[in-house]
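This is what each chain is made of:
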Amino acid sequence: MNTRIKDLTKLISGNGDESPSEGAQRARKFGLIALVLCAALLASFIIHGMEAESAMDFQKNFSPDITHAIDDGIDWVIINMDWFFDTISDYLKIALGHLRDFLVWIPWPVVLALVFITGWRAAGFRVGVASAAGMAAIGLVNLWEPAMVTVAILMVSVTIAVLVGIPVGVLSARSNFVDTITRPILDAMQTMPSFVYLVPGIMLFGLGNVAAILATVLYAIPPCIRLTNLGIRQVDPSVVEAGRSFGSSPLQLLVKVQIPMAIPTIMAGVNQTVMMALAMATIAAMVGAGGLGIEVLRSMGQLEEGRAFVAGTAIVVMAIIIDRISQGYILSQDSQR
Amino acid sequence: MAGNSTSPSYGPSGNGVAPIISVNSLWKVFGKKPERALEEPFRSQSRAEVQQQLDLVVAIRNVSFQVSPGETFVVMGLSGSGKSTLVRCLISLIEATAGEILVEGEDVTKFDDRRLRDFRRSKMAMVFQNFGLLPHKNVLDNAAYGLEVKGLDKRERYAIAQEMLEKVGLTGWENANQRELSGGMQQRVGLARALAVDPSILLMDEPFSGLDPLIRRQMREELAALQQEIQKTIIFITHDLDEAISVGDRIAIMRDGEIIQLGTPKDIITEPADDFVREFTQGISKTKVLDVGHIVRDPDVVCFDTETWETLLAKMDQAQCDYAIGLNQERNFLGVISRELMNRTAAPQVDGIDGCIDHSIKPVLPNVALEQAFPLLADGNIPLPVVDESNNFIGVATQQDLLKIVTSGL
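Top to bottom, those sequences are chains A and B.
Position 21, counted from 1, in the first sequence is what numbering that gives the first Met the number 0 calls 20; the numbers after and before it change by one each time, with no gaps.
Position 184, counted from 1, in the second sequence is what numbering that gives the first Met the number 0 calls 183; the numbers after and before it change by one each time, with no gaps.
There may be inaccurate statements among the hints.
Keeping only pairs whose Cα atoms sit at most 27 Å apart, straight-line, the calculated DSSO-like set for lysine-lysine is [stated by the list, open to error]:
1) A:Lys255 - B:Lys265
2) B:Lys136 - A:Lys255
3) B:Lys153 - A:Lys255
4) B:Lys314 - A:Lys255
Note that these hints are calculated values from the structure, not bench results.
Okay, chain B solo, but in the shape it has when bound (with noise of 0.2 Å):
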């Protein structure tokens, strides 16, 4: 959510910054003695195979990755993939078989019963897909809850819920009941108590995979303003691998217990790992995730402003083509130049072009999203410019090529 456009890269380890989570061979397997599947040779066997030979499932296997503070990171995959029991081994509502969890430093497979309450109610809260609200509580009481059981009285943790409850906009509701609410109201009231207790890990698992498609944009774009604001961890599940690219930093795709990719939106929309992906990718708006630069193109006529009129005229011709660049000499550009501004210009300009540059069309970054470049391009015949933060001058991106990435998707 903080996006596709501001950063260009993550590495598997954030800028550098040491990891929040850091979860290393992680398997979980469920079963009658679940040891079993750890060892050789069922250990590199298929999920299926040890299904059939141990009745052992195992639903996590040897996973690893880390998450840098303040990322938003999706975990993607199709039900059954793993990626519930995942996000449950991380809070330990789910023992793990084997692996470290490592949260800020600490393991949290090796806490006991008083660590795990202490470490749930203060470093990690969770927003379930059912809501999983309690149905005897109003609002304030429900997003409240966190608090209670930390052990807050009673005015402390109403002025925090009250707060929260307004972060997410449920002001004026404290105390309705969770039935008269709507579903996306729920959720709302879901966010506002995992917020509550100020975690600085949100685990979201499927928050809005139970509510209509509109809604759930809404809640989408919601979330995004909230966590520009509160730049909290976020490790989010989804099945959708568009709400995936919307929302996270980077993407772990899950299949049968496995991680088999994981980057940021752009990698997987460009570079899918394998047939898998590239299946799930077909469906997706890559104008969403592509920028600018991936279609940039060197102009077919390039004008310095120390050119004169008639070399202009003469290179215009011999490209065949309608429009130049215009620069100055240090490659930083000046404006665009069409065949019409000229033919309109009174009389030719001995000493130069500088009368028929039109500085109208503003040139653009290139990690602008395609999607927003879409309207820059849409009239005319004349390309969209595109250049660095100091105005040095990368390209020109075209209409055709605009549409081919479009096309090519479908």
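For reference, chain A alone in the conformation it holds in the complex (with noise of 0.2 Å):
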């Protein structure tokens, strides 16, 4: 009580039992502060007093020609590597397309049955049972060849995504230089907002679902890299020690030893980058996804409410039964070891 009342004190009147030479210090920097606002408040009224337009706006003629920069360089990737993009695209497509239709090729039933027995085995009876429900639910809504594609698209991302995510993380674990380079990027991209992602995907892809699958995985990949990247990094040194002590080369450390040691906190990249990818692949339906995204879009806009929020409510369920049973997988996991 007593020191909270010190505490009290201290931050009222700038002294609590500190000593005056630092009371003195500390009332200096606040008066300098006060004194830099004051004098940016008074060049302002004066400005504005003397009427000078030309430090009231900025120059137009002055501003330098980016964006035209910008506009002819990507002119010149789209014509130039149009094969490359091209075969992408078509592959992507191909790929797609076979997932799509054999998701929804499989029976129903089966595919309740195979989400029970996943929850189950992974997280549980009655995540099991909870899981095959939702799915069931999302069936009887007429919802389940949407459904089906939106997991079409996020099962091609997702895979993308980890195949060049946990590759990247593991590059930057091992090099301060690569880790210096990726962490601006990948502040850079999780601070950007989520339509953003969709830019570059219609810019070399046009519209589709290959420029949503790009976006995705741009979207999605940050946390697969990051938490690949810190799992190495957090396995503990002494162990890393020994496997070096027996003779382990660079390679079998990385397989032997980081790489299962890390597990857990890559698994958990991995879950962040499938929920990512789902919230991403439902937003993509605005450059022509299908799924469940454009449902709710379309519904949106034909100002059909209630089905526009059965679908959304459709995307929570999906995204909550992937939450679950991935979850519970790397618990079970994690008890193991």
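Fit the two chains together into the complex; they arrive one by one in their own frames, and the hints show the way.
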């Protein structure tokens, strides 16, 4: 109690039981900040009073022409790298088409059974039953096919994200140089609004599922890279040292010691990636992705609130199912080690 | 471990055998541009001075020593003395700044990555304080790790690992997870893993420091028994002088990155190099290290078998002593004669003292540890006769002298 009062007096008066010189220092600092703010306000008044136009607006003709340069660059890429993006686009379309057809082809009872068994084995009986019930509900509201399309997009995107993300994460963990390059890029990626990710997709692939996949991969990959990096860096250094002392090569150390010990963290990253991919696969309906997202978008556009609500709920249900099952799997893995 | 009691002397390079490890003027300096600390005037300055002026930490400072094959060489020091850094330099987990480390004639500091891997896979293996076991592998796979890295196939490496687990007493635990094992058992796995690669040198970095005192002693004894069987060269790191003495053939005491004394346990107890070492030795029970030879003295009365009863009695009266040591003309030990025994003997023997020599008191060799002499001296006032291997009488050890040694350290 006493100390709290002291803290309070310190906060209010700026000197609790600190030495007088410390208190004086702090007072000087506050004084300085107040002085700068007053000066800025004064300067603003003076400039407005003088009606100095040039200081009140940025000169338009001074602005450097960046936008055109970017346009030119993208034009060049699209014209000259055409074959490259076309090839990727073709393959992805084919893969996605087959996967979707396959998922829709599987009879719904089989899917329900698979979901139940996976949920049961990974996270327990109750999760298994609840997951199967959730999927059944999606079917009952006539959203089975869109749901399967979303699952197909999700599977392709997550596969690509993991195949790229884990190696990049491993590289950043092993080299501080790579880490200093990837870190700011990842920071930027995670602060960007999700709609921004749709832009490069449309530019390179046009409207459609392929653009959606690119956007989804880009949006979902950061946690996979980050947590792989973190997981490997967090491996107990004494175990790594022991591994080295027995003559492990760098590759052996990675495969036999570091990655296996980092698996729980890496799996947490993959879980995050899946969840973010689901979010993006929904938003990507705006660039022409099929699935549950387009259902929401279309019904909103036609003012069918009920249908939009049902489709939106279906997305939430799917998110919960995926999250519970993968979390359960990670936890069961954790408790085994 | 092989023994304070068996080998009386160890020269710096063993018994004339070529050293298996030879460390010459080794330096390890941490920080940016560490070579700066090796130049004068910093080279001859203290650790604190160098740290203050150059912001470099001198972890190992001009250390040299040799280890003979089969020897257990202990490096002892407090934390921050550089002992862990030193042992890591030997296997190049930490790169030395200067100096050479010759192992079987080859300089470890000059190895490239490939040579270093081969070296670690065959010549040297390490046991760690925190065990360093892989949590995702079972006991058998952990013990086989060195062999797996070496490229042996499953059947081969499991066979060897199995054999090593048996040696450390872990048969039946092959499929257990590390978490199911106690600390002592985990360290046995660590030991089995190191032994599996059949290294000529075993590095043990405070292997028992993380264990309970009781388990620690048990592990020490087991290691000693194992060493009798495997006869490896062992570099043993510890911060505990008691452990150092019970384990080591020779001990190097480190402080601030330097070796301040190197010698047998006996040397260190009897002739500590400075006050720092002396302070350490204060708490050590000297009876473990010192032997009977250390307190041997001439007996008050010696009696040759040619002497008569009367002369003996006169001698004993004069010395105010109740016993005499019976010897023959070659000074071979015959037995102890006590006044009590003489009184009990029915009639004075005219021609000698043969009849009243007590043969039940067995003499000991001078290299028996004092600890073991305790029970022999515990009862009675009769001192312990000391003889050499051919039964030549050397002297006696008395209870008073033993007690003097015991109490002097307290």
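Results for each hint:
For the proposed pair Lys255 of chain A and Lys265 of chain B, the alpha carbon gap of about 46 Å is over 27 Å, so the pair is violated. Simply put, Lys136 of chain B and Lys255 of chain A have alpha-carbon atoms about 10 Å apart, close enough for the 27 Å limit, and the pair holds. Distance check on the hinted pair: Lys153 of chain B and Lys255 of chain A sit about 15 Å apart at the alpha-carbon level, within 27 Å; holds. At roughly 80 Å between alpha-carbon atoms, Lys314 of chain B and Lys255 of chain A are farther apart than 27 Å, so this suggested pair is violated.
Checked against the numbered hints above, the structure breaks hints 1, 4 and satisfies the rest.
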